[in-house]
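One-letter residues, chain by chain:
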Amino acid sequence: MAGAVAYKDRQFLAVIGDEDSVTGLLLAGIGHVTDPPEAQRNFLVVDAKTENSTIEKAFQTFTQERNDIAVLLINQHIAERIRYIVDSYSEAFPAVLEIPSKDHPYDPEKDSVLKRVRRLFGE
Amino acid sequence: MSGAVGREAVFPTRQSLGLMKGKLKGAEIGHSLLKRKSEALTKRFRDITRRIDEAKRKMGRVMQIAAFSLAEVSYAVGGDIGYQVQESAKQARFRVRAKQENVSGVFLPHFESYTEDSINDFGLTGLGKGGQQVQRCRETYARAVETLVELASLQTAFVILDEVIKVVNRRVNAIEHVIIPRTENTIKYINSELDELDREEFYRLKKVSNKKQRDVAAADLEIQASREREAQKQLTGAADKETPDAPDVLGEQEDTDVIF
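Going down the list, the protein sequences come from chains A and B. Going by UniProt numbering, the first sequence opens with residue 1, and the numbers climb by one from there. Going by UniProt numbering, the second sequence opens with residue 1, and the numbers climb by one from there.
Okay, chain A solo, but in the shape it has when bound (with noise of 0.2 Å):
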């Protein structure tokens, strides 16, 4: 089945997040570099000072130019600043997966998917 090859060799988890939620993460050990030349990271850490173009690229690498990611971590308040873009992406593979962080307590009303199964249950 073409489905089977799609997610066969995503293996890695990739994370947008604050610095806090990277290093975490990065901690557990999701943390992959690959090979240089072209070393790419799979995390990309966003402050205050990031512009929401570079959010925005490191969207679309780890969602549509990488294909060994299987999961892709977004803080929720940085997914609210591309939320147009995470909102219209709705393939599944990798999965976007929105997480809280320390600063910004999660909101189930802002989730995508949950905002998708509220509208599914008409509540």
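There are no misleading hints in this set.
Short derived list, chain B residues pointing at chain A, Cβ under 10 Å:
id, residue
1, 52
2, 59
3, 71
4, 94
5, 116
6, 140
7, 141
Hints in this document: simulated from the structure, not taken from any laboratory. Source: prediction; values computed, not measured. All residues carry an ideal CB built from backbone N, CA and C; glycine is no exception.
For this one, chain A is given, so just place chain B on it according to the hints.
Coordinates of chain B only, in the frame set by chain A:
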């Protein structure tokens, strides 16, 4: 209604009637099968949705605990370890493996996390102080990531199921509201046309038999008339025989010469 659905462009013959009946039967079977598939998927879908809701809440808690343990690390180490951690990440220790699960013909992926124990990029992190906290933090985060991976596979299954259910429901509705009525219409049309043909045929046969009857009657009359004439003739012939002045062919009169 029937006008809106229309019918298929077929010739009203018995063969296409048979075909249409087969098609209707097939459509009905397909409809019930697809309906059942859709129900099975929807059941699964609801289950997954509920689990997503739970998992999202759980994730909130777990991430909070993990963030707290990271705060402990910063406190113990006495500085920011973020930069060091980012630079020393080389190979992923925590990876996922995708498996697939078959739910009524739909392949749902399921991520399974595993750790490559041979890889350890952070051997030196927290070497000076706070090693214990770093260790605990790593464990906490690893557990958190496991939850996240579980949630991710639920979410992927959700997205795929959503799509598949939409497609299946569309098919069910198409069969129910388009294909079945249209086929029924076609069957009705063919039946009415065939009935019409039958009536025409019957009428024609009736006409033919009427004509035959008329012909036979006429012929009978003719025969009867000719018989009557015959009888008449015979009657008059019999009377003639008695007459003496019938020429005597064997008699003594001279035959006239026959000249060729």
